[in-house]
Amino acid sequence: MLDKLQIVKQRFDEVSDLIIQPDIISDQKRYIEINKEYKDLSKVIRKIEAYQSYVNSLAEAKDLIKSETDAEMIEMAKSEIEEAQIKLPLLEEEIKMMLVPKDPEDAKNVMVEIRAGTGGDEASIFAGDLYRMYTKFCANQGWQTELVDLNEGTSGGFKEVIFSVSGEDVYGTMKFESGTHRVQRVPQTETQGRVHTSAATVMVLPEAEEFDIEINPADVRVDFFCSSGPGGQSVNTTYSAVRLTHIPTGLVAQCQDQKSQHKNKDKAFQVLRSRLYERELAKRQEEEAAKRKTLVTSGDRSAKIRTYNYPQGRFTDHRINLTIYDLDSIMNGDLLKIIDELQMTENTEKLKEIGDTF
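Numbered according to the numbering used here, the sequence shown spans residues 3 to 360.
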């Protein structure tokens, strides 16, 4: 184990040197990659140092028992041995998990698209509930969210809402949310008190930088129109809203949230880049899914991943058969315990693949 950890230390030293090289600093894409690797390796190095400390303590304590005659010192050494024998396997597992190869997309910011599915007005209301759940979760993580576009439902909520999230390792945390979310509850419009089932779909797209996806302006048709919905009189009477159509793929992106036409156009291009990037990423993920089990994609983007049962206060994630009877706190943004379980399952699968590496 220590020999393998030495290789990690060597790579950390290499990255520490690379990050200050002028040619790396001048290459924005390469600098971002190296900086991310440096941060990730720094966390591993701290664990490795703790691991090495316990290894040294264990060896010293064993030597002490062999040479020491004082009963109190021997007892103290035995206590150190016991602690090290407990801590070392735990640290070893933590380090193994940290060294599982990461998805290079994990560090990216994201675009989240929530759309009402089957269930009419109730589906729109549920889409609004999911939007509030995610914005609360993001606030708890210290991430920034920004509304990009919305289409309000007739009885509340949203037929569609798109928002961006920026922060640290956002895609690596949020990518498990893509799929169909099903809700079971008595709708506000139901007079007989019967439980209905409705659904909303969530798509989490890694946000593409300009150097990730190059868009030829000649391939994009730009349309301007009057915004609808909230925003004041000036929003609704000026051609500030922007719709982009990518002619080769037929993909459409629009934004009407800002009063400025220029800002709306920038945001719409941001959405379009992310959708184009996600198409390429989906192809890669489907190829990987054919080789191994993955929670992120099964090749079916409409797969039902969650059920939110209000009468029973029950939340179920069907991918890992996780059921929690604490729906209120989950809808208030307490998602980390679920995402931790999903990440752990994903990393365990990856760890099985690399097998004898450690």
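These aren't lab readings, by the way, just hints derived from the structure by calculation.
One or more of the hints may lead you astray.
[What the hints assert, rightly or not] Below, simulated BS3-like cross-link-like pairs (lysine-lysine); rule was C-alpha separation at most 30 angstroms, straight line:
(1) Lys89 / Lys11
(2) Lys104 / Lys80
(3) Lys38 / Lys6
(4) Lys138 / Lys6
[Claimed, not checked] Here are the computed distance ranges between Cβ atoms for each label pair:
(5) Glu84 / Ile27: 25 to 35 angstroms
(6) Asn334 / Glu148: 43 to 53 angstroms
(7) Arg223 / Ile9: 44 to 54 angstroms
(8) Ala284 / Lys80: 49 to 59 angstroms
A quick note: this is a predicted structure, and the numbers were derived from the prediction, not measured.
Think of the CB as a built atom: it goes at the ideal place given N, C-alpha and C, for glycine as much as any other residue.
Structure-based check of each hint:
1. At roughly 21 angstroms between alpha-carbon atoms, lysine 89 and lysine 11 fall within 30 angstroms of each other, so this suggested pair holds.
2. For the proposed pair lysine 104 and lysine 80, the alpha carbon gap of about 39 angstroms is over 30 angstroms, so the pair is violated.
3. Of the pairs offered as hints, the one joining lysine 38 and lysine 6 holds, with about 21 angstroms between alpha carbons and a cut-off of 30 angstroms not exceeded.
4. In summary, the hint linking lysine 138 to lysine 6 is not supported, as the alpha carbons are separated by about 41 angstroms, beyond the 30 angstroms threshold.
5. For glutamate 84 and isoleucine 27, the hinted distance range of 25 to 35 angstroms is not satisfied, since their beta carbons lie about 48 angstroms from each other.
6. Between asparagine 334 and glutamate 148 the beta carbon distance is about 21 angstroms. The supplied range of 43 to 53 angstroms is therefore violated.
7. Checked against the given bound of 44 to 54 angstroms, the beta carbons of arginine 223 and isoleucine 9, roughly 52 angstroms apart, stay inside it.
8. One distance hint, 49 to 59 angstroms for the beta-carbon pair alanine 284 and lysine 80, holds here, with the actual separation near 56 angstroms.
Hint compliance for this structure: hints 2, 4, 5 and 6 are not met, and every other hint is.
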